[in-house]
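**Q** Below are the chains, spelled out letter by letter.
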Amino acid sequence: MDTAGIAPLLSMTDVTKVYHAGQSLFGKTGSPVVALDHISLEINPGEIFGLVGESGSGKTTASRLIVGLETPDGGRIQLDGQNIVGLKGRARLEFTKQVQVIFQDPYQSLNAHFSIFDTVCEPLIIHGLGDRVARRVRVCEALETAGLTPPEMYLERYPHQLSGGQRQRVAIARAMVLEPRFLIADEPTSMLDASISFQIFQLLNRLRETFGVTMLFITHSLAAARNLCDRVGVIYRGRLVEQGSAQETIMHPRHPYTKALLDAHPRFGSSGHRRFGTLLLTERPRPSTDHCLFYPRCGLAVDNTCNLQAPTLKTLDAGHRVSCFLF
Amino acid sequence: MTDANLPSPKTGTTPGMAAGRALPHWVDRFLGGWRVYRKNTIGRIGMALLVLFALMATTSFIPQWVDPMYHPMTGVDPQISYSTGPSLRHWLGTDFIGRDIFSQLLAGARIAFMVGISSALISILFGTTIGMVAGYAGKHTDLILMRLADMIMVMPTLLVVLLLSALFGQLNIWIIVLMIALFRWPGVARVIRSQTLSLRHRPFIEAARVAGASHLRIIFRHILPNVMPLALLYMTFRVTSAIIIEAALAFLGFGDPGTVSWGMMLQWVWKTGHMFQAPYWMLPPGICISLITMAFYMTGRAMDDVLDPRLREEETTP
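Protein sequences appear in the order of chains L and V. For the first sequence, counting from 1, position 58 maps to 57 in numbering that gives the first Met the number 0; every step adds exactly one. For the second sequence, counting from 1, position 171 maps to 170 in numbering that gives the first Met the number 0; every step adds exactly one.
Check before you lean on any hint, since a few could be wrong.
Simulated crosslink set (SDA-like; lysine to any residue; CA at most 25 Å straight-line) [what the hints assert, rightly or not]:
| hint | chain 1 | residue 1 | chain 2 | residue 2 |
| --- | --- | --- | --- | --- |
| 1 | L | Lys87 | V | Gln169 |
| 2 | L | Lys87 | V | Gly31 |
| 3 | L | Lys87 | V | Ala136 |
| 4 | V | Lys138 | L | Gly73 |
| 5 | V | Lys138 | L | Ser30 |
| 6 | L | Lys96 | V | Ala47 |
Calculated from the structure, these hints are not laboratory results.
Starting from the given sequences, assemble the full structure and let the hints guide the process.
**A** In structure tokens form, the structure reads like this:
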């Protein structure tokens with residue numbers, strides 16, 4: 000997708016988030032953990048942007064920062080050019096109407112004491128939308144959109160009476176009932192079976208087509224990202240290492256880490272065979288100087304370059320950007 | 000869409016009439032809990048005793064209605080002016096001015112329930128609210144509230160109430176109830192706080208935050224139902240301690256002179272020098288105090304089992 004000339008719906012500029020371990024009693028002991036390190040990305044209206052990375056790479060932190068569950072230590076996050084960091088009161092309420100999240104674990108993200116109707120209806124009550132009848136209609140519509148049909152059958156049920164896939168559909172209905180413009184799907188299928196995952200992907204795709212909702216899709220699987228996303232960003236230890244169209248990035252990966260991620264995908268009939276082999280089997284010691292974060296694990300790293308300075312994002316072609324000295 | 004259609008579609012798709020589900024959720028949960036509770040011997044004994052005492056409390060109005068001389072406070076048998084042993088006329092005998100001990104015992108059950116349950120309710124109300132706020136707000140609010148709780152927790156309740164009644168003279172029974180409640184909330188607050196801490200970062204709370212829910216809404220709509228079972232469990236233990244404190248106060252002579260509680264009865268036995276002369280007078284209230292506290296405690300233990308996640312058919316597990 001050509002991104003030139005379109006104002007992004009959501010933009011993150013130099014966003015940084017640092018966690019301090021063992022902060023409580025004895026001051027800030029332990030080394031701080033950098034969850035996000037000067038991340039900049041832009042998500043255009045109507046697209047599905049995939050954020051790919053291994054666990055602990057900061058994917059989920061990014062989503063939490065966007066919806067305001069945490070505040071960044073630096074940088075700007077903007078929706079439609081408006082700052083959305085540290086919103087309070089009415090402004091926050093308005094913002095939550097536009098941005099919603101589907102959480103990772105459908106077993107944890109639904110309140111066990113709420114019926115499905117209560118769960119999906121709650122956002123409407125919070126925002127004071129509609130009267131009793133109108134709310135009921137909207138809840139039913141949302142459930143139907145999420146593929147729970149007939150919706151009346153689910154209204155009075157409780158989460159423990161549903162399967163994982165159904166719960167995730169309820170979570171999707173809850174997110175969609177406010178008709179948000181921006182939806183964050185934080186590994187929505189990592190707790191589900193493969194076949195059900197595929198249905199959820201189809202559902203998300205349908206949401207984009209029918210409602211034109213912009214999506215940030217967070218995943219650890221490049222296959223899922225390719226299936227669903229227009230553009231992807233690959234994140235490693237809190238830094239964006241590669242960014243580009245999903246097709247281009249996944250078919251022609253440039254960054255050694257992206258290649259390693261692709262290698263990690265199991266394929267039929269090729270056990271043990273690696274296409275790229277960019278991942279070192281034994282890690283190098285971490286250099287004390289400024290360095291490329293992937294250097295300790297990178298098979299292609301060039302000494303005296305990669306271990307002495309950190310690379311920046313370079314634009315290669317048609318929006319494909321890589322942060323590596325090899326390019 | 001196979002997973003969405005897994006539960007076989009049933010007839011009756013009128014909105015609001017969920018097919019095949021007649022019982023509301025909480026009734027379902029209650030019955031589930033009751034099934035576990037019923038298997039518990041201790042719980043059964045405790046419950047039986049509680050039913051017995053409840054029966055005593057509810058029938059405490061009958062004696063004075065049968066004959067005014069059976070009134071536990073003001074009714075005096077015109078033919079008796081000293082303590083007598085059990086007889087047909089007075090099943091458990093009379094006290095030093097000829098009042099019926101059995102009707103006093105029934106009235107005492109009423110007072111015990113009243114004091115125990117109301118002061119437990121108040122302390123649970125305080126403890127749960129403060130615990131939830133402290134756990135949810137964290138930081139300075141948590142620190143201040145919990146230090147306050149620590150300070151109150153280390154105060155010996157009985158001593159402080161004794162001092163207060165020495166200062167202000169005779170205390171009304173409701174003041175005593177309030178006092179006990181105000182000194183017994185910190186334990187509840189601690190437990191509720193730790194439960195809230197574990198709930199605070201659960202995804203369903205964060206989902207509510209993302210939906211725009213206010214802090215109050217999250218505390219009372221999302222956290223409260225999840226800590227409620229624990230709060231109810233603690234209530235049974237608070238009832239026990241409230242009854243004991245009230246009895247001790249009354250026995251020491253600081254009770255409400257206008258009520259007939261079991262502690263009060265013991266005080267009359269002791270003050271009139273009948274301690275070892277009239278076992279028919281001294282034993283019943285003593286046994287009742289022991290049994291009712293034991294009954295509440297047993298009920299609490301059994302409820303503990305009901306709340307044990309391993310014995311519960313829990314809904315949060317897959």
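**Q** Tell me, which hint numbers fail for this structure?
**A** 1, 2 and 6
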